[in-house]
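Asks: If you want the building blocks of each chain, they are given just below.
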Amino acid sequence: MIAAKRGVMRMILKRAVIAGMAMLTLLAGTAAPAFDVASVHGPKVRDLYMVIYRDPDAQVLALEKGDLAILGDITRPVDVERLSNNPDVSLSIARGFHIFFLGFNLREFPWNDPDIRKAVSASIPRTRFVRELFSGYCTPVDTYLPPVSPYYEPDVTTHDYDPANARQMLEQAGWKWNGDDVLVSPETGEALEPVTILSPTANSAPTTAEMSNRIASALVQLGIPVTVDPYDFSTMLKRLDRHDFDLFVLAWSLTRDPDNLFAFFHSSMDVEGGYNIQGLHDPDVDRVTEELRWAPDRPSAEKAASQAQKLLSEKNPWVPIYSRFMIAAVRNDWKGVVATKATAADNIWTLLNAEPASGKMRPLSWCLPEEPRSLNPLATGSAYDWQVLGLIYDGMIAVEPETLEDIPWLAVWWKTETVKGDDGPRTRLTFSLREGVKWHDGKPFTSDDVKGTLLFLKEHKIPRYFDMVRDLESVETPDDLTLIVDMSTVSYWHLHNVGGCPVFPAHILKDITDWQSWKPADLDNPVETGLTALVGTGPFVFREYRAGEYVHLTRFEDFWMLKEH
Amino acid sequence: MRSYWFRRIAGAAGVLLLVVCVNFFLFRLMPGDAVSSIVDPRFSPEAKAELRNLFGLDQPVCTQFLIYVRRMLTFDFGLSFLSQQPVWGEIKSRLPNTVALLGSAMLLSAALGTWLGVQAARRRGGRLERLVLFSGSVSFSFPSFFVQLVLLLGLAYWLPLFPLRGSVSIPPPTGALAAALDYAWHLALPAASLVMLGFGSWAIYVRNLMVKALGDDYVLAARARGLSERSIVWRHAFRTTLPPIVTIFLLSLPGVLSGAVITETVFSLHGVGKFLLDSILGHDYPAAGAAFYMLALVTVAANLAADAAYRLADPRIRLGRNGGD
Amino acid sequence: MIAVTAAGILGPMMFSEPASTSVARPFAPPLWASGDAPPPLRVTLSGNETETAFEWRWDAPETITLTGDVLFSSPPASSSLELVLPDGGRVTLAGLDGARRRHIDIDGRDLDFRERLGLSPFDDAMKLLFPRNGRYRLVITGDIPPEQVEIELSAPGGAWGFLGTDQRGRDVFHLLLLGVRVSLLVGISATLLASFIGLSAGLTSGYVGGAFDSLVMRLVDLLLSIPVLPILMVIVGIWGRGLWQLVLVLGLFSWMGSARTIRSMVLSLREACYVENLRSIGAPTRYILFRHLLPEALPLLLATVTLGVPGAILAEAGLSFLGLSDPRIISWGRMLHEAHGFGAFTAGAWWLILPPGLGIALICLIFLDIGRALEEKADPRLSAGGRR
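Residue numbers (this note's numbering), protein chains in the order written: chain A, 1 to 565; chain B, 1 to 325; chain C, 1 to 388.
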C-alpha cells in the first residue's frame, strides 16, 4: 500500500501510483504462498466507510472502541505496543517498498567528492537510529532497492558504521581537521563552510525531524559543520525542485519494478522538478539505467538492475538509511482478513474478502488518515485520494500480493512481443479483455474504453501518467475485447506500465473539457441518475464524500469477480 | 437610531477592511516570492494564468489591492494550494459546523454564567458566591486544549459516552430528527468544554454588575414597597445590567473564535478554525487568508445580529430614548 | 508566586546535563509511581569468565542491550551465549559457533532477535527473558571455552525521576522547570509591551480628548473585533515562529484593554480639582501627564499588567499546542503538543500531560489572584474582583 501518512516523508512516483493503485497491494515476498487469489470472490461487505481520522491517538482509540475495523500504516511504536496488547485486535506486518535516505547535492562541493560521501555513509549509525526511533520496526538498509524488491541485489558495497575508519579514509585522501575539528579540504586548504540538511518539520514528521537531528550530530562528529533546516514539506519540495539545498532527507514509496532507478539517477532526469534531485551525472550509471529502462525482457532487466545497484553503491549518490515495515491492525470481529508476509492487512484483498466474524453483515470502517483532496484521478497524486480511487478503478493487470506476479484482472490474457518497426524494434502488447465487465453505471466495458484512456492521457500530456504513455505509438481495437498497443521503443516495463494503468470510461472522458479542474464526484452521471461521474469497473461504487467525515462506497453488485464461480 | 446603525455598520465595515488590508499586505510582505504566495508552482499553466488574472498580479499594487477587495467581497478566494480546489467551496463546507459550535457555546455559557452571577449576587457572602468567584478564575486559567483533551479521554474513551470525533455517526442516521439528535450529540462535548471554560468570566462579571445594581437606591425603594425578591432581582436590577452584558457578549466573540480553532482541532470537527490551522501549516496562503477573513466576517456579522436583537428587545431603545452607547 | 519564579530560575541549575539529553527510556513513569518498575541492569562477562549471575525481583525491563566481543582459540563447533532462567529454562541470546572472533550487537527490540526466539514481531521478547523473580545466570556454553570475553548485558531502568520521561527519554521535571521561564518571559514581556502601548494611548487619548480620542477609540474597537488567535496564527505562520516575534505580536494585539481602563481613569481625574488648578497656573500638558496622572495611573496599570499576563501565557500555550511555536524552545504548550503528537495518551503517560496543563493553570491563577488584589487596592470604585 502506498503509505503517505504524516510520519513518513515520501514522494509518490507516478508509476507507483498507477501500477499500484489498481491493486493496493504491491509488495512481494519470498514466503511460501499461503494465500490463493482464486479463492477470493468479493466483495462480501456491502457498505464501506472510509472514515477520516487525522489524529493518531484518535485512530488508535477508535479502533479499540470499535468505531474503526481496519487501521493501516501504524508508525508510532507506542501505538504498536498498545495494540499488540489488545486481545480484540490483530496486527500484521510486512516489509515495505520504502527507502528513507540522506541525499547530497552532487553539483556542489564537498558532495562531489566521493571520499566524503563514503565517509558520511560510514558515519551514520543506522542500526542505532532504527532501534531508538522505531523500536525495531524498520530495517536499516544500505542499498538502493529495498530488500523486499524482487530485483534486490544483496551483493553490493556496504558501509558499516565505523566512524574511526571513516576518519582514517579521509586522512588517507589528504583531509585534515582544524582547531574546531572541522574538515579542511586538501585542494583548497580551507575548512568546510557550514551546511544544512533540508528536513520536514517536527509537526508533520516527528521521527524524520528527529532523525535529521541525529544525522546532523553524527556528521558534526566527522567534521562536517551541519545544522538542520526544518521546512514545511511542500516548501521543502519546492526547494528540492529548484536544487537549492546542500543535503536533504526524503523517503520514497516504490513499486515492484526497479525502473525507478532510471528516474532517480539518469542524468536526463536532472531537470527542475525532475526525480534526479541530487543531480547525478555519471556516464556509467546512465548507461546501466538506460539498459534497465529499456530492457527487452526479464533476464536482461534483472541483470541491469543488479549492475545498477552495484554501481550505485560504489558511487554513493545517496546514503540509504532505513526501510519501513508496514503495520496494520484489524479488529477480530471481522474474518477473511488477508495478510501475508508480503502485505499488511490494509489491502484490496481484505476488502474483497472480509465479513463479520459472527452476526449480520454490517458496514466496514477503514481509516483514512487525511482528507482526500479532490478525487480527480487524472490530476491527483495524493495517496489519500488513491486510497479511495483505487477501489473504484481497475487496471488490466493486477499484482499478486505475495509473489508479485501478474494476475489477470480486466485482461484475461496478454502477450508481449518485439516487432520490427520503421525506426527499429518496438514492443507490441496484445491484451484479451474479460467478458461481461460493466461500468458502475451499467454501460458495458469494451476495448474502446482502454483505447480512449490511453489516448486521452497521451494527448493531454497528463503529467502523472506521462512516463507511462510517452512511448505509446498506436492503439488498435480489432474487436470489443481485444486491444493491440504498439510502443515506439522496446522495454520490459511497457507491459506493466500499460497494464497497470487505471481504465477510465470513454463515455465520461469525452465530456471532459478541463481535466485539471475535473471533479467527477460533483458531476452527475450521464447514464444513470443517482450516480456521479466518478464511475469505474472496480469492486466499490462511490456514493458520497462528506468532507471532514467520511467517504461512503457500496459494493458493486455487477462486479465481475462476484459473477465468477 | 439611524445614525447609530450607520455608525455600527461603518464600524463593521472598518473591521473587515482592516482584515483585508492585513491579509493583502501580510502575504505580500513575506520573505521570498510574494507571487508564489498566490500561485503555487505546482498549478497547471492554465490555473496559474487564471490566478494571475484573478489577483491582477501583473498590475500595480493599488490596482491589485482594489481587485483583492472586490474578490474578498464576492468570496472569490482563488484556488487552494493543497487541494487545487476553490477555497470558497472548502470554506462553505465548513461554515455550518463552526457557526453551530460557536453559537451554542456562546449562548450556553452566557446563559449559565449570567444565571450563576445573578444567584451569587443575591446571596452575598455565601458559599455560592465564593464558589462562583473561584470557578471563574479557574475556568479562565486552564488552557482549553488541556481541558478538552482530558474530557475527550475521559468521556469519550474510558467512559464511551460521547463520540471521539467528527459531527456525524457512521453510518449516518436517517430521518431529520435522528440526524439532528446525532449532530447535537457530536457537538455536545466540544460545546460543553467551551462552556466550561467560558462561563466563569461571565459569572464573575455579571455578579459584579448585579452587586452594584442591587445596591442602588431604587432597589431599596422597591424593597420598601414590598415587591417580591424575585421581581426585584430579575425585572429591575437585571434589566439595568443588560446593556453591559450584551456589550460584553459581543466583545467576547473574538475570544470564543480563538477557542474554536483549538476545539475543532482537538475534536476533529470539520470547521473553519481547523481549516485555518491546516492552511497555515501547509503554507496555503490563499486559503489561510480566506479563512481568517471568514472568521472575522462571522465575528462582525454576529456582533451586528446580536446588537440588532438586543435593540429590538430593549423597550427603552425602541421608544427612542438614548440607550447609552 | 515567588516559589514558582525561584523554581523557574534556579531549578534548572540543579541538573547537570542539558534538558535535551535522553536520560532514561521513553515514557518512563516517575519513580514514586512506578510500582515494580525495574532499576537499571548491568551485568558483564570479562576476561575468561563464562558465567555470571544476578537477582531479579521486578517487572521485565523494556528492552535489553547485549554488546561485546568473544574470542576463541579456534572456531567452536557449537557454542552459544545463553540466559538461564530461575526455573532452569535456557534462552539462547546469541550463537557463537563457527567463527573465531564474534562481535555481538543485539537489542531486545530487534525483529530478527524476536524471530530467533520464535516470537512474532509484536511479541515482547522481555516477557520471555524475564518471566519471574529469581536468580538469573548469563552463561557461555559450548565445546570449547572462550579465550577472551568482553560482554555487557544492560537494561534501562523502568522509571525515572520526579516526573518521568517524555517520548525522547528526556526528564520531564527538568523540562517543566525550563517551561516556567518561557511562560513567565513571554507572559510578562508581552503584557509589558501591551501595557506600555496601552498606557501611552490611554493617557494621551483621555487627556487630550477630541478627534484624537475618537480615533484611538475607534482603533480600539476595531482591534477588539479581530479574533486574536487566528491573527496570531496567520502572522506567526508567515513571519516565523521565534519567541520575540510572538511577544511583539501578542503585545500589539492586547493593549486595548489597558488603554480603555487608563483612559476612563484619566477622564475622571481630568475633572478633578487639582488638575484644574494645575492647568490654571499654566502647567504644561506633559508635566501634568507625567508628574501627576501617571503616578495615579500606575497602581491601576500594575493591576492591569498582572491581569493581562495570564492572557498572554494562554495565547502562547495555545499557539505552541497548535504547533506554531519554535520547536527548539521548550514551553508547556509545546510539551502538550508533543504529548499529543507522540502518543502520550496512547501510552498512558499522564506525567507528560497533567503537569504542564496544571502548571499553566497554576501560574495563571497566581497572576489573576495578585492582579485582583492589586486592582482592589488601586481603585476600590471598580467592581471588586471583577474584570472581563
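Since the hints were derived computationally from the structure, they do not count as laboratory data. Treat the hints with caution; some may be incorrect.
What the hints assert, rightly or not - Pairs of lysine-lysine, BS3-like flavour, derived with a Cα cap of 27 Å:
no. : chain 1 : residue 1 : chain 2 : residue 2
1   : A       : Lys303    : A       : Lys315
2   : A       : Lys303    : A       : Lys335
3   : A       : Lys443    : A       : Lys519
4   : A       : Lys303    : A       : Lys176
5   : A       : Lys360    : A       : Lys415
6   : B       : Lys212    : A       : Lys519
7   : A       : Lys458    : B       : Lys48
8   : A       : Lys438    : A       : Lys341
9   : A       : Lys563    : A       : Lys443
10  : A       : Lys519    : A       : Lys335
11  : B       : Lys48     : A       : Lys176
12  : A       : Lys238    : B       : Lys212
13  : A       : Lys335    : A       : Lys415
14  : B       : Lys92     : B       : Lys48
15  : A       : Lys420    : A       : Lys360
16  : B       : Lys92     : A       : Lys461
17  : A       : Lys44     : A       : Lys176
18  : A       : Lys341    : C       : Lys127
19  : A       : Lys438    : A       : Lys415
20  : A       : Lys44     : A       : Lys335
21  : A       : Lys415    : A       : Lys303
22  : B       : Lys48     : A       : Lys510
23  : A       : Lys458    : A       : Lys44
24  : C       : Lys377    : B       : Lys212
Asks: Are the hints correct? Go through all of them and say.
Replies: The hints, checked one at a time:
For the proposed pair A:Lys303 and A:Lys315, the alpha carbon gap of about 18 Å is at most 27 Å, so the pair holds. Under the criterion of a C-alpha separation no larger than 27 Å, the hint pairing A:Lys303 with A:Lys335 is inconsistent with the structure, at around 42 Å. Distance restraint check for A:Lys443 and A:Lys519: the Cα-Cα separation of roughly 21 Å lies within the 27 Å cut-off, and the hinted pair is therefore satisfied. A hinted pair counts as satisfied when its Cα atoms are at most 27 Å apart, and A:Lys303 with A:Lys176 does not qualify at roughly 40 Å.
A hinted pair counts as satisfied when its Cα atoms are at most 27 Å apart, and A:Lys360 with A:Lys415 does not qualify at roughly 44 Å. A hinted pair counts as satisfied when its Cα atoms are at most 27 Å apart, and B:Lys212 with A:Lys519 does not qualify at roughly 61 Å. The suggested pairing of A:Lys458 with B:Lys48 holds, with an alpha-carbon distance near 22 Å, which does not exceed 27 Å. The straight-line distance between the Cα atoms of A:Lys438 and A:Lys341 is roughly 33 Å, outside the 27 Å bound, and the hint therefore fails.
For the given pair, A:Lys563 sits about 16 Å from A:Lys443 by alpha-carbon distance, which is consistent with the 27 Å threshold. Taking the CA atoms of A:Lys519 and A:Lys335, the gap is about 36 Å. The hint is violated against a cut of 27 Å. Pair hint B:Lys48 plus A:Lys176 does not hold up; C-alpha atoms about 51 Å apart against a cutoff of 27 Å. A distance of roughly 62 Å separates the Cα atoms of A:Lys238 and B:Lys212; the hinted pair therefore is violated under the 27 Å criterion.
Restraint check for A:Lys335 and A:Lys415: not satisfied, since their Cα atoms lie roughly 37 Å apart, outside the 27 Å limit. Of the supplied pair hints, the one linking B:Lys92 and B:Lys48 holds, its CA atoms being roughly 23 Å apart against a limit of 27 Å. For the proposed pair A:Lys420 and A:Lys360, the alpha carbon gap of about 59 Å is over 27 Å, so the pair is violated. Distance restraint check for B:Lys92 and A:Lys461: the Cα-Cα separation of roughly 33 Å exceeds the 27 Å cut-off, and the hinted pair is therefore not satisfied.
Distance restraint check for A:Lys44 and A:Lys176: the Cα-Cα separation of roughly 67 Å exceeds the 27 Å cut-off, and the hinted pair is therefore not satisfied. With a CA separation close to 24 Å, the supplied pair A:Lys341 and C:Lys127 stays within the 27 Å bound. Distance check on the hinted pair: A:Lys438 and A:Lys415 sit about 24 Å apart at the alpha-carbon level, within 27 Å; holds. For a cut-off of 27 Å, the pair hint linking A:Lys44 to A:Lys335 stands: about 11 Å separates their Cα positions.
Taking the CA atoms of A:Lys415 and A:Lys303, the gap is about 22 Å. The hint holds against a cut of 27 Å. For the given pair, B:Lys48 sits about 25 Å from A:Lys510 by alpha-carbon distance, which is consistent with the 27 Å threshold. For the hint pairing A:Lys458 with A:Lys44, the CA-to-CA distance comes to about 37 Å; that exceeds 27 Å, so the pair is violated. A C-alpha spacing of about 18 Å is found between C:Lys377 and B:Lys212, which places the hinted pair at or below 27 Å, so the restraint holds.
When each numbered hint is compared with the structure, violations occur for hints 2, 4, 5, 6, 8, 10, 11, 12, 13, 15, 16, 17 and 23.
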